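Q: In the order they appear, the protein sequences are chains A and B. In my numbering, each residue carries its 1-based index in the first sequence increased by 7. In my numbering, each residue carries its 1-based index in the second sequence increased by 153.
Hints may contain errors.
To be verified - So these bits of chain B aren't anywhere near chain A, every CB distance computed over 12 angstroms:
1) Glu-170
2) Gly-194
3) Leu-202
4) Glu-209
5) Leu-215
6) Asp-220
7) Gly-236
Stated by the list, open to error - Below, computed lysine-lysine pairings styled on DSSO-like, alpha-carbon distance capped at 30 angstroms:
8) Lys-16(A) / Lys-48(A)
9) Lys-29(A) / Lys-45(A)
10) Lys-195(B) / Lys-26(A)
11) Lys-16(A) / Lys-262(B)
12) Lys-221(B) / Lys-112(A)
13) Lys-259(B) / Lys-29(A)
14) Lys-25(A) / Lys-221(B)
15) Lys-29(A) / Lys-43(A)
16) Lys-47(A) / Lys-195(B)
17) Lys-26(A) / Lys-60(A)
18) Lys-60(A) / Lys-45(A)
19) Lys-60(A) / Lys-16(A)
20) Lys-112(A) / Lys-259(B)
21) Lys-29(A) / Lys-195(B)
Hints in this document: simulated from the structure, not taken from any laboratory. As the structure is a prediction and not an experimental result, all values here were calculated from the model. No residue lacks a Cβ here, since even glycine has one placed at the ideal position from N, Cα and C.
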Amino acid sequence: DTEVTQTPKHLVMGMTNKKSLKCEQHMGHRAMYWYKQKAKKPPELMFVYSYEKLSINESVPSRFSPECPNSSLLNLHLHALQPEDSALYLCASSQQATGGSTNEKLFFGSGTQLSVL
Amino acid sequence: KQEVTQIPAALSVPEGENLVLNCSFTDSAIYNLQWFRQDPGKGLTSLLLIQSSQREQTSGRLNASLDKSSGRSTLYIAASQPGDSATYLCAVRYSGAGSYQLTFGKGTKLSVIP
Chain A
8 DTEVTQTPKH
18 LVMGMTNKKS
28 LKCEQHMGHR
38 AMYWYKQKAK
48 KPPELMFVYS
58 YEKLSINESV
68 PSRFSPECPN
78 SSLLNLHLHA
88 LQPEDSALYL
98 CASSQQATGG
108 STNEKLFFGS
118 GTQLSVL
Chain B
154 KQEVTQIPAA
164 LSVPEGENLV
174 LNCSFTDSAI
184 YNLQWFRQDP
194 GKGLTSLLLI
204 QSSQREQTSG
214 RLNASLDKSS
224 GRSTLYIAAS
234 QPGDSATYLC
244 AVRYSGAGSY
254 QLTFGKGTKL
264 SVIP
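Isolated chain A (complex conformation) (with noise of 0.2 angstroms):
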């Protein structure tokens, strides 16, 4: 299983709607990336988790709020959005985060496309 499976597929929420995005993946992967993407754009990182540990935050508001279960199960949950967040949202893994691997892959799930009204 080489798959990254994200829900939902869509989600439309108000400005004081608390909502949350989820991530899974089966292959063992012991780094997990959120990744923002604005239309036209290149992927922007958001947060990094190794060994379900938050080791990178790229300056991210608070409004958005990571959480990792378990090894296989990452979360982004959402309060209080302003409409300028609405993005693909983008979940990723790898086998570990450091890039120590140089045959290092990212995996990338199908994303959640997120409208704030």
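Position chain B against the provided structure of chain A, taking the given hints into account.
A: Okay, now just chain B, sitting in the frame of chain A:
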């Protein structure tokens, strides 16, 4: 600042033509370079990964090359098909501090005309 540049930003070719997509990077100290394909509104599909010690990788009609000394990679697509239409992203994992993340180019949007 470590950057990745992809030229052209968009490319339109007739079906059956061979084509080359270009990627350049600013620092030769890399772990690897990965080519992705992205369909509109979808996630990224990994096509090929070239390790820093390798010169090229092949998968089916795709061939990716790497020249670290000149900071360049190319993705060659043979006998293009309409189903190849997508945005192709090049991403570099630089070594050293920050090796946890990929640096992406802005992509080349490919249209293959039947």
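Q: Indicate, hint by hint, whether the structure satisfies it.
A: Each hint, compared with the structure:
With a cut of 12 angstroms on Cβ distances, Glu-170(B) stays outside the contact zone with chain A, its closest approach being about 25 angstroms. Separation of Gly-194(B) from chain A is inadequate, the least Cβ-Cβ distance of about 6 angstroms not exceeding the 12 angstroms criterion. Remark: the non-interface label on Leu-202(B) conflicts with the geometry, its nearest Cβ contact in chain A lying 5 angstroms away (cut-off 12 angstroms). For Glu-209(B), the shortest C-beta to C-beta distance to chain A comes to about 14 angstroms, beyond the 12 angstroms cut-off, and the non-interface label holds.
Separation of Leu-215(B) from chain A is adequate, the least Cβ-Cβ distance of about 15 angstroms exceeding the 12 angstroms criterion. The claim that Asp-220(B) lies off the interface holds: its Cβ sits roughly 16 angstroms from the closest Cβ of chain A, which is beyond the 12 angstroms cut-off. For Gly-236(B), the condition that its CB be more than 12 angstroms from all CB atoms of chain A holds, with the nearest at approximately 17 angstroms. With a C-alpha separation of about 19 angstroms, the suggested pair Lys-16(A) and Lys-48(A) falls inside the 30 angstroms cut-off, and the hint holds.
Among the hinted pairs, Lys-29(A) with Lys-45(A) is consistent with the structure: their alpha-carbon atoms are about 19 angstroms apart, no more than 30 angstroms. Using a Cα cut-off of 30 angstroms, the hinted pair Lys-195(B) and Lys-26(A) holds, with the two alpha carbons roughly 21 angstroms apart. Of the pairs offered as hints, the one joining Lys-16(A) and Lys-262(B) holds, with about 23 angstroms between alpha carbons and a cut-off of 30 angstroms not exceeded. Restraint check: the Cα-Cα separation between Lys-221(B) and Lys-112(A) comes to about 19 angstroms, which is no more than 30 angstroms; the hinted pair holds.
Taking the CA atoms of Lys-259(B) and Lys-29(A), the gap is about 26 angstroms. The hint holds against a cut of 30 angstroms. A threshold of 30 angstroms between alpha carbons decides the hint, and for Lys-25(A) with Lys-221(B) the separation of about 46 angstroms lies outside it, so the pair is violated. Among the hinted pairs, Lys-29(A) with Lys-43(A) is consistent with the structure: their alpha-carbon atoms are about 14 angstroms apart, no more than 30 angstroms. The hinted pair formed by Lys-47(A) and Lys-195(B) meets the criterion: a straight-line CA distance of about 12 angstroms does not exceed 30 angstroms.
Annotation: proposed proximity of Lys-26(A) to Lys-60(A) holds, straight-line Cα distance about 22 angstroms (limit 30 angstroms). Restraint check for Lys-60(A) and Lys-45(A): the C-alpha separation of about 27 angstroms stays at or below 30 angstroms, so the hint holds. Our distance criterion of 30 angstroms between C-alpha atoms is met by Lys-60(A) and Lys-16(A), whose separation comes to about 26 angstroms. Restraint check for Lys-112(A) and Lys-259(B): satisfied, since their Cα atoms lie roughly 19 angstroms apart, inside the 30 angstroms limit.
The suggested pairing of Lys-29(A) with Lys-195(B) holds, with an alpha-carbon distance near 16 angstroms, which does not exceed 30 angstroms.
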